[in-house]
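**Student:** The working numbering puts the last residue of the sequence shown at 286; the count rises by one with no breaks.
Keep in mind the hints are simulated off the structure, nothing from the lab.
Here are the computed distance ranges between Cβ atoms for each label pair: (1) Val222 - Leu112: 23 to 29 Å; (2) Arg114 - Arg84: 38 to 44 Å; (3) Gly113 - Thr65: 41 to 47 Å; (4) Phe184 - Trp232: 33 to 39 Å; (5) Trp232 - Leu112: 34 to 40 Å; (6) Thr186 - Thr65: 42 to 48 Å; (7) Thr14 - Phe181: 37 to 43 Å; (8) Thr28 - Ser251: 21 to 27 Å; (9) Arg117 - Thr42: 26 to 32 Å; (10) Thr14 - Trp116: 45 to 51 Å.
Note that this is a predicted model, so its numbers are computed, not measured.
The C-beta atom is built at its ideal place from N, Cα and C for all residues, glycine as well.
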Amino acid sequence: MALDPNYQTLAQITITALNHFIYGIYTTTFGFCASILYRKSTILKLVTAIFLFTFTTVEKASSFTADIYGSCESCHSKSEYVERLYYLAYYFRFASSAVADGILLLRYYAVLGRRWRTIVLPGLIYLGSHIAGFIVIFESIPDAVEVVAGVELHGFKDVAVGMTGLVIGLNNLLMSSLIGFRIFATTREVAPHFHSKPRRMYNTAVAATLESGVLYSVFLAVTCIFQIKFAWPRSKPDDYTNFTIWRIVISALLRCWSSVAGIASTTIIVRIALGRSIDQSVIQTV
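Take these sequences, add in the hints, and give me the full structure.
**Tutor:** If you want it as structure tokens, here you go:
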């Protein structure tokens, strides 16, 4: 049984509202970040933050425009145009992810003592997963892959996007976990210099959460697991209504991907610019 058209319209409006609400939070964070970076004349960090915000903004504009054309009854003849807009949104979604994950990779490198051996594996996974993501989006998948997979190209693409995002999320989660562990270990070494144990625990928890990007990593991994589960081709859903609702939820989460990544990365940049990163704090404390 299909969902009522009015319900689908309401769901689409809800997705758009949630998407732009998260984007609004990101815009506020970016404005705060840009103001700080401009005053401190940290041009490289400012340019990085601007690139990340620009990619996210283009992704939001593409998705919103595609939604408008897709919901317009007189625009059905432009379905190919709508599809291209959605692909463009996916492209910039991965582009913003590439910038955000690159920031996390560099933070991982800095927190773990700037030893190049520590970033070899995460760096290779970072490059491979994002290149694979762009390949999937641009439909550069050989016909042989479609034959081996035994599914239609469209279904395989949705699964491939989910798998690529899951690899990115798990790689980020690994780096986030190691960053958090390093922060707790470093803080423990300088514990005698802190005046209050509760304050030390609070500062450590805040630093570990904000600088490791763990919330973004968990968000991405969980979202992509759902994407794979519900995009996997099947003959017929057991409960079409429940299946459709889950697809709406997953669509909302995927559209928040770039904004959540931007918030996490911009927060890291701001903490570094303000001198509140864990390595700077330890130096000042000691």
